[in-house]
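So you can see what is in the structure, the chains are spelled out below.
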Amino acid sequence: MNEPSLGNFEELVLLIVGVLDENAYGVSIKNELAERTGRSPSIGALHSALNRLENKGFLESFEGGATAERGGRRKRYYRITALGKRGLIQVHALRNELIQLIPHLSLGGN
Amino acid sequence: MQEKNQHPPRWADRFLEWFCKDQHLEVIQGDLYELFYDRLENMPPWQARFYFIRDVLDMIRPFALRGLIPYNLIYPITMFKNYLKTAFRGLIRRKSYALINIFGLSLGISVCLILYLTIRTELEYDAFHSKAERIVRITQIFERDAGLFYQPYMPYPAARALRQDFPEWEKVTQIHTNGGGTIQAGNKKIVLSRVVFADEYFLDVFDFKLLQGNRQNALKEPNTVVLSQSSAQKIFGDEPAIGKLIKLDDMLSLKVTGIIKDPPRASHLPYSMLVSYTSFTNDYFPLDLDIFSEWDFTDHGSVYALLQSGKKAENYAQELDQFKNKYYEKDIAQILEIYPQALRDIHFDMRFAERNLGRTISQGTLWTYGGLGFFILLVACINFINLSTAQASLKNREVGIRKVMGAKRGQLITQFLTEAFLLTGIALSFALGLIYVILPKASQLVGLPLYLNLLTDFHLWAFVLFTFVTVSLLAGFYPAFLLSSYQPIVSLRSLAPSGSPSNRFLRRSLVVFQFFITQVLIIGTLVAYQQMNHFRSKDLGYQPEAVVMSHLPFSRDSIQSVRLKERLLAHPQIAQVSLNSSPASNNITLSGGFQGIGDDPDNWQSVQFRAADQDYLATYSMQLLAGKNILDQKKAIPDIIVNETLLRKIGIQNPEEALGKELATTLGINRARIVGVVKDFHNLSLQNQITPCIIAYLPENFWNFSVRLHPKQDIPALIADMENTYNQLFPNEVFEYYFEDDRLARYYREEERLMQTFQVFALIAILIGSFGLFGLISFIALQKTKEIGIRKVLGASVNHIVRLISGEFLKLLLISFTLAAPLAYVLMQHWLEDFAYRIQIQAWVFVLAAGISLLITCFTIAYQTLKTAFLNPVEALHYE
Numbered sequence: 001m002n003e004p005s006l007g008n009f010e011e012l013v014l015l016i017v018g019v020l021d022e023n024a025y026g027v028s029i030k031n032e033l034a035e036r037t038g039r040s041p042s043i044g045a046l047h048s049a050l051n052r053l054e055n056k057g058f059l060e061s062f063e064g065g066a067t068a069e070r071g072g073r074r075k076r077y078y079r080i081t082a083l084g085k086r087g088l089i090q091v092h093a094l095r096n097e098l099i100q101l102i103p104h105l106s107l108g109g110n
Numbered sequence: 111m112q113e114k115n116q117h118p119p120r121w122a123d124r125f126l127e128w129f130c131k132d133q134h135l136e137v138i139q140g141d142l143y144e145l146f147y148d149r150l151e152n153m154p155p156w157q158a159r160f161y162f163i164r165d166v167l168d169m170i171r172p173f174a175l176r177g178l179i180p181y182n183l184i185y186p187i188t189m190f191k192n193y194l195k196t197a198f199r200g201l202i203r204r205k206s207y208a209l210i211n212i213f214g215l216s217l218g219i220s221v222c223l224i225l226y227l228t229i230r231t232e233l234e235y236d237a238f239h240s241k242a243e244r245i246v247r248i249t250q251i252f253e254r255d256a257g258l259f260y261q262p263y264m265p266y267p268a269a270r271a272l273r274q275d276f277p278e279w280e281k282v283t284q285i286h287t288n289g290g291g292t293i294q295a296g297n298k299k300i301v302l303s304r305v306v307f308a309d310e311y312f313l314d315v316f317d318f319k320l321l322q323g324n325r326q327n328a329l330k331e332p333n334t335v336v337l338s339q340s341s342a343q344k345i346f347g348d349e350p351a352i353g354k355l356i357k358l359d360d361m362l363s364l365k366v367t368g369i370i371k372d373p374p375r376a377s378h379l380p381y382s383m384l385v386s387y388t389s390f391t392n393d394y395f396p397l398d399l400d401i402f403s404e405w406d407f408t409d410h411g412s413v414y415a416l417l418q419s420g421k422k423a424e425n426y427a428q429e430l431d432q433f434k435n436k437y438y439e440k441d442i443a444q445i446l447e448i449y450p451q452a453l454r455d456i457h458f459d460m461r462f463a464e465r466n467l468g469r470t471i472s473q474g475t476l477w478t479y480g481g482l483g484f485f486i487l488l489v490a491c492i493n494f495i496n497l498s499t500a501q502a503s504l505k506n507r508e509v510g511i512r513k514v515m516g517a518k519r520g521q522l523i524t525q526f527l528t529e530a531f532l533l534t535g536i537a538l539s540f541a542l543g544l545i546y547v548i549l550p551k552a553s554q555l556v557g558l559p560l561y562l563n564l565l566t567d568f569h570l571w572a573f574v575l576f577t578f579v580t581v582s583l584l585a586g587f588y589p590a591f592l593l594s595s596y597q598p599i600v601s602l603r604s605l606a607p608s609g610s611p612s613n614r615f616l617r618r619s620l621v622v623f624q625f626f627i628t629q630v631l632i633i634g635t636l637v638a639y640q641q642m643n644h645f646r647s648k649d650l651g652y653q654p655e656a657v658v659m660s661h662l663p664f665s666r667d668s669i670q671s672v673r674l675k676e677r678l679l680a681h682p683q684i685a686q687v688s689l690n691s692s693p694a695s696n697n698i699t700l701s702g703g704f705q706g707i708g709d710d711p712d713n714w715q716s717v718q719f720r721a722a723d724q725d726y727l728a729t730y731s732m733q734l735l736a737g738k739n740i741l742d743q744k745k746a747i748p749d750i751i752v753n754e755t756l757l758r759k760i761g762i763q764n765p766e767e768a769l770g771k772e773l774a775t776t777l778g779i780n781r782a783r784i785v786g787v788v789k790d791f792h793n794l795s796l797q798n799q800i801t802p803c804i805i806a807y808l809p810e811n812f813w814n815f816s817v818r819l820h821p822k823q824d825i826p827a828l829i830a831d832m833e834n835t836y837n838q839l840f841p842n843e844v845f846e847y848y849f850e851d852d853r854l855a856r857y858y859r860e861e862e863r864l865m866q867t868f869q870v871f872a873l874i875a876i877l878i879g880s881f882g883l884f885g886l887i888s889f890i891a892l893q894k895t896k897e898i899g900i901r902k903v904l905g906a907s908v909n910h911i912v913r914l915i916s917g918e919f920l921k922l923l924l925i926s927f928t929l930a931a932p933l934a935y936v937l938m939q940h941w942l943e944d945f946a947y948r949i950q951i952q953a954w955v956f957v958l959a960a961g962i963s964l965l966i967t968c969f970t971i972a973y974q975t976l977k978t979a980f981l982n983p984v985e986a987l988h989y990e
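Heads up: the sequence lines are chains A and B, in that order.
If you're matching positions, the first sequence starts at 1 in my numbering and goes up one per residue.
If you're matching positions, the second sequence starts at 111 in my numbering and goes up one per residue.
Read the hints as simulated data drawn from the structure, not as lab findings.
Glycine included, every Cβ here is placed at the ideal spot set by N, Cα and C.
Please note that the accuracy of each hint is not assured.
Unchecked claim - Using C-beta positions, here's what the derived DEER-type ranges look like:
#1 Val514/B with Ser42/A: 49 to 59 Å
#2 Ser40/A with Met189/B: 19 to 29 Å
#3 Gly38/A with Leu920/B: 55 to 65 Å
#4 Arg39/A with Ile202/B: 16 to 26 Å
#5 Gln90/A with Leu167/B: 32 to 42 Å
#6 Leu167/B with Arg39/A: 48 to 58 Å
To be verified - Some residues of chain A that are not near chain B, with every Cβ distance over 10 Å (derived):
#7 Ser5
#8 Phe9
#9 Leu12
#10 Arg39
#11 Arg79
#12 Thr81
#13 Arg86
#14 Gln90
#15 Leu94
#16 Arg95
#17 Leu98
#18 His104
#19 Leu105
This is chain A alone, in the form it adopts within the complex (with noise of 0.2 Å):
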């Protein structure tokens, strides 16, 4: 059975939600990935990768959270599924395997 793949964007968005552990929604992913990445995806973008990643079954999410800046409204807030981390350190198990594999590439700290 093939596993879903898990595309360029995909897999920034899904570390962040990663890293913001229990605060992953919408404005925040946006807020971290700007100050991590230095890249600001439009929040249409990120709301299409996000709903990607939780029809392949990377992501979780539950609502809640509502304040009075969003006129009341709920946050999704989402979560790291078992699938999605697994698909994470495959992806991450590549790339060190493969950059090992690269002569005279030092990296920092090894």
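Please build the complex by placing chain B on the supplied structure of chain A, with the hints as guidance.
Here is chain B on its own, set in the frame of chain A:
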């Protein structure tokens, strides 16, 4: 911290609610709101709002959309984004191409918009009256043997008679227009032009806005006046004017009963003040008749009628005929037509132009404006078409790949049209900016105040939108059609399809058409210029230079006038002084009839009178052909001087023969003896033929005095001296003066203006066309670089190469010239027909026009051609 009163734009919010799936809506909306309020802390609200809108639009993504938008509509949106991106990249890559197109299109669009504003402003004349469609001006048309004679005036008893005989008309109002008047208020003394006497119905018929006072009875009582806002300002400054007294022409004491808004510029009826009609009496005329019962006398009195709804002026032709026969003398009624002229026609009816108070413009001029705008825009569109099709070879690879990837033809057409729309859109925004800058200049040029109000002017927006779409389609359709037709296999093999014969034929035809337009414009400009020059330098039969004229006071006193003349003559720098009824050339003057003694009493010929003293001829430097210049006293059978045209009318060839002959004339002299013959001078403006003219000593008609100065004087000092003398004798008057040559120039102002406008726009058209040509030749030279390199290696000379590149264009120029010359000839011949004294269109005009366009073309293509021709073949062959 948080600004509670700021909201995201509501419509964007609603739009989001409309398209977003319910399951996502709350979360997405919440995020957008949160972002909005976060941003408010870092940026001005408008910017946060802008980002909000952008985010909402960005949410139009498949996952978020409700079922209401079908999926197959989303992909075009995505593709459209791609088209825009490709188009932008294309423009940036081909900068010169984009620049030429944007330059041409924005110039063309601005000209077009300015002409649109001009035409619209002209067409809106008198439209501000709510009953405009029902208002008519009652006019008289006389059929004299000199031609038809158009008078926007009626005899003074006419208004009352019309009210009686046409009870079904809602209102009839009459006015009398004085050229100008001297106003006194306290110690202040000023001259106001356009003093209008208006009766109590005037404000019922017309919508001029009364600011202070009572609309019903402001003009009812004798000796009352309604001042225009600016007149009140001039007379009283900021003090309240109502209830104050002013004195008009040292005759009438008037109480101010109202303040009226200044007439809009688009009014055929300008006024500085409205004096109640009941203040208007026989005293105004130095004639021994009761003008209010005299059907035989017409001055500057006009009558307007407000018809009942549903009726048109034409419905009354027959009744007005009966009316005419009932009131007028039989012999006048025979040659008279009473013509009800619709209010909205007044501004365009050139037949009455000379006697209208405001400007009159012919519809032909408006059509010319419209045509110019259209053709200038067309020239710019042709640039676009030519440059795009010429560059087709640059695009064919892209087209090939898109087709291989599955693009349908319709999609490609959409793509290329997007490019055209984008380019036109950029040009349009430049044009709108440009218009703001050049609008004041343009207003001067067309002689109209033009306003550009983008916020409220929906008609303008409609026109802008229309122009945008039309230009984009006109310019973009053919290139899109052509480019999308390429077969991928051919495209990818990179055979230059721009070389296909039909494509080249079209491009050549378009170039010919561009040349054609510019050449017609060049020839037209040259002919118009020559005609205006002819006007300016025409021998008038007298010397208008160094002659100053001024009016004698309205309540004139002949002894004072003679005294004035004597004192002025005593001035060492004044050569001649003459008291008279009007200057030498004057369209509005005393006119009447004459005939030989004992002729058929029904057979009068029309004649112009000049009332003048014996210094008239000397003052204007007119030439006496025969007889004497004795005009110094009233006689039982007065002496008169006639012009040559009059002699021809009575069949006398030799001026000497005419001396001693007697004539019967109207206007106070029943019989008169010819004592002198003056060489023909232009007694009317140059648009008209010279008419028969009689100069006679009629001191009761001395309304003006003319002064000939010794040449080369200190003019300001001299004028000050004259003013001094004038004020000593007429302490209650204001000295106003005109230089004769300035006054004459005013007769040709409209023509001069039209010609200037024409010149400027012709220049713009030529400029746009030249730019396009420059782009085209640059591209062709580039394409031929390799060919030229090879030719040079094989021994071709520079001369040969130049001919190779430019030969085609010169051929096209020749073809277009043979088409343009006859059309321009016919058009300009038609234009010249309006002038009584006109030039012949000569062959050299065409030679010159051809020379000019040849020069422009050579100049345009020279740079690229020479650059390519001198190129080192190594460089050329290196070019890939």
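Evaluated hints:
no.: 1; hint: Val514/B with Ser42/A: 49 to 59 Å; result: violated, 32 Å
no.: 2; hint: Ser40/A with Met189/B: 19 to 29 Å; result: holds, 26 Å
no.: 3; hint: Gly38/A with Leu920/B: 55 to 65 Å; result: holds, 59 Å
no.: 4; hint: Arg39/A with Ile202/B: 16 to 26 Å; result: holds, 24 Å
no.: 5; hint: Gln90/A with Leu167/B: 32 to 42 Å; result: holds, 37 Å
no.: 6; hint: Leu167/B with Arg39/A: 48 to 58 Å; result: violated, 20 Å
no.: 7; hint: Ser5; result: holds, 18 Å
no.: 8; hint: Phe9; result: holds, 14 Å
no.: 9; hint: Leu12; result: holds, 18 Å
no.: 10; hint: Arg39; result: holds, 16 Å
no.: 11; hint: Arg79; result: holds, 15 Å
no.: 12; hint: Thr81; result: holds, 19 Å
no.: 13; hint: Arg86; result: holds, 24 Å
no.: 14; hint: Gln90; result: holds, 25 Å
no.: 15; hint: Leu94; result: holds, 28 Å
no.: 16; hint: Arg95; result: holds, 28 Å
no.: 17; hint: Leu98; result: holds, 32 Å
no.: 18; hint: His104; result: holds, 37 Å
no.: 19; hint: Leu105; result: holds, 35 Å
Checked against the numbered hints above, the structure violates hints 1 and 6; every other hint is satisfied.
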